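Asks: Using the sequences and the hints, build the whole thing.
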Amino acid sequence: MPSPSKNRSRWFGDPGRTFGIVSIILLISLAIAPAKNHFSEWRRYQNSYLAMIRGRGDAVTLQRHFQGGIQQIWRPELGAVDRCTSCHVGLKEASLTDVSAQPFRRHPVVPHNIEQFGCVMCHRGQGIATTVEEAHSSTLAWEQPLLPARYIESSCGQCHHAPLAGTPQLNEGRKLLASSGCVHCHTIKLPEGGTLQASDDPPSLVHIADKTTREWIFTWLKDPQAYAASARMPNFKLSDDDARDISAFLIFNSVSLPGDTLALSQKAAADPSAGPSLYGESFCATCHAVQNAAGNLVGGNIGPELTRIGNKAKPEWLAAWVNNPRGYDPGTAMPHYRFTEQQVATLATFLQAKSDSDFMSNVHLDPATSEQIAHGKLLVTEYGCASCHEISGIKKPENFAPELTRIGSKPISQLIFVAGMRHSLPDYITGKLRQPRAFAAGLKMPQYSFTPAQIDALTTALLSLNERSQNLPSSLTIPAPRESAYQPAGKAGQLMNDLACFSCHRINGRGSDLAPDLTWEGSSVQRKWLEDFLRNPNTLRPALIRRMPKFNLKPEEITTLTDYIMTVYQTPTFDHDSMPNSGYAGSDIEHGRQLFYSKYGCQSCHIIDPKADKGYIGPTLTEVGSRLNAAWIYNWLKNPQYLRPGTIEPNRSMPDEDAHALTAFLVSQKVSAKQEAKK
Amino acid sequence: MKGAWIVGLFSISVSFYGCARSASSAPTSPVYGSAIVEVNGGKQTASVGGRLEQPVVMQVNDEQGNAVTGAVVSFHGAKGVTFEPASGATDSSGQFTTTVSLGGTAGRYQIVASTPTKAQKAAEIKIVEIALGYQEVLGRELNEQYCARCHNPESTPERVSNYDNLEVKPHPFTEGDTLNKMSDPDLLAIISHGGPALNKSPLMPPYGYTLSRTDMQALIAYVRMVSDPPYSVPGTLYTKK
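Just so you know, the protein sequences line up as chains A and B, in that order.
Letter 156 of the first sequence, counting from 1, is numbered 156 in the working numbering, and no numbers are missing.
Position in the second sequence counted from 1, then plus 1000, gives you the working numbering.
None of these hints come from the bench; they were simulated from the model.
Be careful, since some hints might not be right.
[As the list claims (entries may be wrong)] Quick look at which bits of chain A chain B covers, simulated, 3 or more residues with Cβ under 8 angstroms:
no., stretch
1, 188 to 200
2, 394 to 400
3, 645 to 654
[Claimed, not checked] Listed next, the in silico DSSO-like pairs over lysine-lysine satisfying Cα-Cα at most 27 angstroms (straight line):
no., chain 1, residue 1, chain 2, residue 2
4, A, Lys-377, A, Lys-237
5, A, Lys-237, A, Lys-395
6, A, Lys-599, B, Lys-1169
7, A, Lys-611, B, Lys-1200
8, B, Lys-1169, A, Lys-92
9, A, Lys-189, A, Lys-444
10, A, Lys-410, A, Lys-377
11, A, Lys-554, A, Lys-614
12, B, Lys-1079, A, Lys-611
13, A, Lys-614, B, Lys-1079
14, A, Lys-670, A, Lys-528
15, B, Lys-1079, A, Lys-599
16, A, Lys-638, B, Lys-1200
Keep in mind that this is a model prediction, so the values were computed, not measured.
Built from N, CA and C at the ideal position, the CB exists for glycine as well.
Replies: Below you can see the structure in the form of structure tokens.
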């Protein structure tokens, strides 16, 4: 074995040899960088792309489009430096439709150009990285991995705050954020200013003792969904003692309101079918659902479910509510029906019978003690009940829960995960929505009963609330449409509030889209028809299940409403009297009939002759000449979307003479003409 | 004989498996069916990466066609498809239910459900689910708004179908046998100019002045995606199947 000194002299004793060895080491170290570059991941992908396109018929074109080396999309105003196209080389190649192997797939069709926004804007990940791992996953230095495809619509929501036709999941999630009560506790600031407003209206608890019993409050607090499967209130998982104390406080705290109860002097109609038929005639099911024998909910979801209303409501309160709901809750979405006292008794008795004898049967509460009431008050404050409900003596808490304005870019390092959960932001959010109390002991967020699809939708909406959406240049932000504060004036305005027209109809940007927009109703319909309709509404579309209720209006109320609608709700673009509603030449009418049935095929959606036509999509036109103004029909035929945006009646780009002949034909379809024909 | 030797080895491993099972859970021998059939959940659509609305339900039957309880069903799918749960035993009605989420790229996903049989083979069934990209989702939404009331024969209380009332029946969008033969420009012509543009029924109105070109292309993309049998792009395919 040679000694170390001998070894040293062997290698370094000769200056020539030393020089040679150092040169070799130098050469090798110089080669490290180019070799690393040569063997880099992106170069390997580019080479296999080139190998893939070589055998294709479109090789020449693809080869010409191909650019080697690191590629990047640079959008300084968005802070985007995206090098994804270094590996994803075929993104813009329209002819690569048959390639499904990544990273060479063509980018699917989206409304934006890739160069316009880059990649990270929608997909997240680290754009500047040049290895797959660093670009796609979260690393020590980078917390934003690629966004799972399931939530990709959230990226559209960073700029588009208005609903988009192509993002149903995002639209649904935003609707749920507003309607599930999230924003009562969590503030969500919008980039264009203001905050997201709640669309639900939890009831005031100021007069609750007039409405229901302490036993019902206790049972409801324990499990709202046990009372009604569709209940919006989440489950706070209260102990028996806590529910007992809160119910004690709410009853103790309630202030009686004169007029909240009604003692009826008349009895319900003797006929047992009178109740159900009044419920049906009044179209209660348009807003309220009832569970049928098969366990399915039948009816709308605007008002509360009524399956067990008899367990909840006190009879004298229910009678007062049916008589005039605005006495108890001036802002309710429920219209004030003008029922006779006997009708009130019939309907209230019918509803009171909707109860479940097993429900609440084993709830027995002893009279409340003052300690229980005091503890109940403490709990009501702690759980933030007043965030949603009006409770006398308790102020609505400010910033009760964490603000969610930037939840979509919350760093993972600031999150506490449940053991076994994947450490990613979407998983954290879905976990919170699924089981909020699982994250730590003592959390206050209640248990919701969202379906998996609703959780995905909510997560999508929440992920769109991020740093980027807050800091985008304002030229890129498309603000959400604001609900207008339109309020009709005078006596008619009061009447429309009383009848809750805006709960279904939309007028001048305010209201719901359940029923037709009435902004230009005065131009559309004839006065006589409107009066008849308000007196006795019939449905215009045979296939609809949600209908306009009959309010039993007084003649002078009908006059007030009709006057207002006919005068105020007029389109500025044409005069509704500009065309006569009768007196068209027989030849025009006949020509119109032929156009209707042959050229335009209107009978595929509309009915003129109830015996022969079977178009159940659009409104029935049998008596349209007594309903609509000729000028409206003519202008509608010329451009339906202008008069009612979003209507599915197609714009036919109809020549003037065709529109004129069709108008003549349609106007000739009058009530009187039909009745005479019958004789 | 080599074959017999392999079968022997198999039976050893199976009995081993049986032992392991009986040791850990209820003392039951493995249950076998002879066929697996789809009860629910095939041919659904969801947006990319999304969860299918309906669960996928499979039933295991024996040779007489009776449902088998306790048979093991396992699901496999293309890359990106996830199952909750991916395998398990059939319930008392012989059925096994799973929730399926599709992968992140638009297209058709084949899902294979299998159950072991007595002959040491696996009985399999293949179903197809469809993941919709942005364009197809937009197409689906437009279809619901403008087209489905005539083109979809299925009628619900919320959206009553007019299909049965029409003298000339519209083509449901899944009807690949007819629609696959029509080119994209033909479909665009029919949507924008109505049925008469291709000498078809005037009951199909023109939507060219109502929908944008992007909208109509989205509708075509949707129709192509859901068609049955599947639509294949005309022209040469260079990638291997």
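Asks: Are the hints correct? Go through all of them and say.
Replies: Right, here's what the structure says about each hint:
1. 188 to 200: Coverage by chain B is violated for the stretch 188 to 200 of chain A (0 residues, Cβ < 8 angstroms).
2. 394 to 400: The restraint on the stretch 394 to 400 of chain A is violated, since only 0 of its residues have a Cβ under 8 angstroms from chain B and three are required.
3. 645 to 654: holds (count 5)
4. A:Lys-377 x A:Lys-237: Satisfied, since the Cα-Cα distance of roughly 17 angstroms is no more than 27 angstroms.
5. A:Lys-237 x A:Lys-395: holds (23 angstroms)
6. A:Lys-599 x B:Lys-1169: holds (18 angstroms)
7. A:Lys-611 x B:Lys-1200: holds (25 angstroms)
8. B:Lys-1169 x A:Lys-92: Violated, because 40 angstroms separates the two Cα atoms, which is more than 27 angstroms.
9. A:Lys-189 x A:Lys-444: Roughly 22 angstroms separates the two Cα atoms, so the pair holds.
10. A:Lys-410 x A:Lys-377: violated (35 angstroms)
11. A:Lys-554 x A:Lys-614: violated (36 angstroms)
12. B:Lys-1079 x A:Lys-611: violated (55 angstroms)
13. A:Lys-614 x B:Lys-1079: violated (48 angstroms)
14. A:Lys-670 x A:Lys-528: Given that 27 angstroms is the threshold and the Cα spacing comes to 12 angstroms, the pair holds.
15. B:Lys-1079 x A:Lys-599: Not satisfied, since the Cα-Cα distance of roughly 51 angstroms exceeds 27 angstroms.
16. A:Lys-638 x B:Lys-1200: holds (24 angstroms)
When each numbered hint is compared with the structure, violations occur for hints 1, 2, 8, 10, 11, 12, 13 and 15.
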